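Residue numbers (the numbering used here), protein chains in the order written: chain R, 15 to 152; chain Y, 15 to 152.
Since the hints were derived computationally from the structure, they do not count as laboratory data.
Keep in mind the model is a prediction, meaning the values are calculated, not measured.
Careful: at least some of the hints might be erroneous.
No copy labels: a pair is met if it fits in one copy or bridges any two.
[Stated by the list, open to error] Here are the computed lysine-lysine pairs in the DSBU-like style, where the Cα-Cα straight-line distance is at most 30 angstroms:
id	residue 1	residue 2
1	Lys-35	Lys-147
2	Lys-35	Lys-76
3	Lys-76	Lys-147
4	Lys-95	Lys-147
5	Lys-24	Lys-147
6	Lys-25	Lys-76
7	Lys-24	Lys-150
8	Lys-150	Lys-25
There are 2 protein chains.
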Amino acid sequence: MMYSIIETLKKNQLSITDSRKKILELFVRAKGALAHADIENQSGTEFDRVTIYRTLQTFVEKGIIHTIPTADNSVRYALCKDACSEGHHHDNHVHFMCDDCGTTYCLDNITIPNVSLPSGFLATQTDVVVSGKCGKCN
Amino acid sequence: MMYSIIETLKKNQLSITDSRKKILELFVRAKGALAHADIENQSGTEFDRVTIYRTLQTFVEKGIIHTIPTADNSVRYALCKDACSEGHHHDNHVHFMCDDCGTTYCLDNITIPNVSLPSGFLATQTDVVVSGKCGKCN
DNA sequence: TACGCTAATGCAACATTGTTGCAAAATATT
DNA sequence: AATATTTTGCAACAATGTTGCATTAGCGTA
Numbered sequence: 015m016m017y018s019i020i021e022t023l024k025k026n027q028l029s030i031t032d033s034r035k036k037i038l039e040l041f042v043r044a045k046g047a048l049a050h051a052d053i054e055n056q057s058g059t060e061f062d063r064v065t066i067y068r069t070l071q072t073f074v075e076k077g078i079i080h081t082i083p084t085a086d087n088s089v090r091y092a093l094c095k096d097a098c099s100e101g102h103h104h105d106n107h108v109h110f111m112c113d114d115c116g117t118t119y120c121l122d123n124i125t126i127p128n129v130s131l132p133s134g135f136l137a138t139q140t141d142v143v144v145s146g147k148c149g150k151c152n
Numbered sequence: 015m016m017y018s019i020i021e022t023l024k025k026n027q028l029s030i031t032d033s034r035k036k037i038l039e040l041f042v043r044a045k046g047a048l049a050h051a052d053i054e055n056q057s058g059t060e061f062d063r064v065t066i067y068r069t070l071q072t073f074v075e076k077g078i079i080h081t082i083p084t085a086d087n088s089v090r091y092a093l094c095k096d097a098c099s100e101g102h103h104h105d106n107h108v109h110f111m112c113d114d115c116g117t118t119y120c121l122d123n124i125t126i127p128n129v130s131l132p133s134g135f136l137a138t139q140t141d142v143v144v145s146g147k148c149g150k151c152n
């Protein structure tokens, strides 16, 4: 399956800039999720810290990437599947964080089990974060 | 059911200090989870910021409170049930965060459903965070 | 292709959050 | 009550995130 960076940006009515191209490319290449710091390191001094913040924010708003709640409360981002559209994320998959190598995976094939809530409670979003050892480290 | 603050501290071999008593009391009284900022506000200028950080850290280590991973990646803490012992938390319950009032609940009665992982993956901890509207706001 | 308009970037300054070392104070031990 | 041990508060620092504004780059149009 192909992922066209330019196409993705155009589809979301974003102007094609160096930083957006480069940062989106990092996500396409990365197997796991990226933290802000990862991006800052991998892009060198090419972009300002502020630009990275704003780019990530824009991508999240447009549904290009989504944030991942982690057990250690660090912020991480990962590419959304095509099904995600602006303002409406469909990332109902399980996230896995390896205690050893720190890699965060989106387990796209594993859907979130249904959680029955007390009466009166209404769920709009369910996040499941599993931590442990991944395939490589086990 | 009674919760003795002094007893809890003694049981965990912690010396009884003003800050520990006061902060633990906040947790006992609070129905939901507390963020660092909540504690800082509710305790006024009584304690130093650093003391609060260190106290929370100590409580987590001793298994008196546990952290809650939230969808917005803010750090929150809540009291552990008696079953929690030092270094080993048994907080395998679902956490619920209300989008309206912001209250975070520990749904102690709802256990975490089993998640089947890809082969090679080994889970040590599973966190489930549901967000939506709670009983009061619905 | 050049022009002007709009949007994005970089910079500076600032706010918030969290960490560390060390002297002073409070707690525990005898 | 005296001493040993812990905990606290302060100061300084590091990391993370935000905002305003001038400059620059991308885009549509002629």
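Against the structure, the hints:
1. Proximity of Lys-35 and Lys-147 under a CA criterion of 30 angstroms is satisfied in neither setting, with 32 angstroms inside one chain copy and 38 angstroms between copies.
2. Within a single copy, Lys-35 and Lys-76 get their C-alpha atoms as close as 15 angstroms, which meets the 30 angstroms cut-off; across copies the closest is 46 angstroms, which misses it.
3. In the homo-oligomer, the alpha carbons of Lys-76 and Lys-147 lie at most 30 angstroms apart only across protomers (24 angstroms), although the nearest pairing inside one protomer, at 32 angstroms, exceeds that limit.
4. In this homomeric assembly, Lys-95 and Lys-147 come within 30 angstroms of each other (Cα to Cα) both inside a single copy, at 24 angstroms, and across copies, at 27 angstroms.
5. Taking identical chains as interchangeable, the C-alpha atoms of Lys-24 and Lys-147 are never at most 30 angstroms apart, the minima being 38 angstroms within one chain and 35 angstroms between chains.
6. For a Cα distance limit of 30 angstroms, the shortest separation of Lys-25 from Lys-76 inside one copy, 10 angstroms, qualifies, whereas the shortest one across copies, 51 angstroms, does not.
7. In this assembly of identical chains, the alpha carbons of Lys-24 and Lys-150 never lie at most 30 angstroms apart, being 36 angstroms within a copy and 43 angstroms across copies at closest.
8. In this homomeric assembly, Lys-150 and Lys-25 never come within 30 angstroms of each other (Cα to Cα): the closest approach is 36 angstroms inside a single copy and 40 angstroms across copies.
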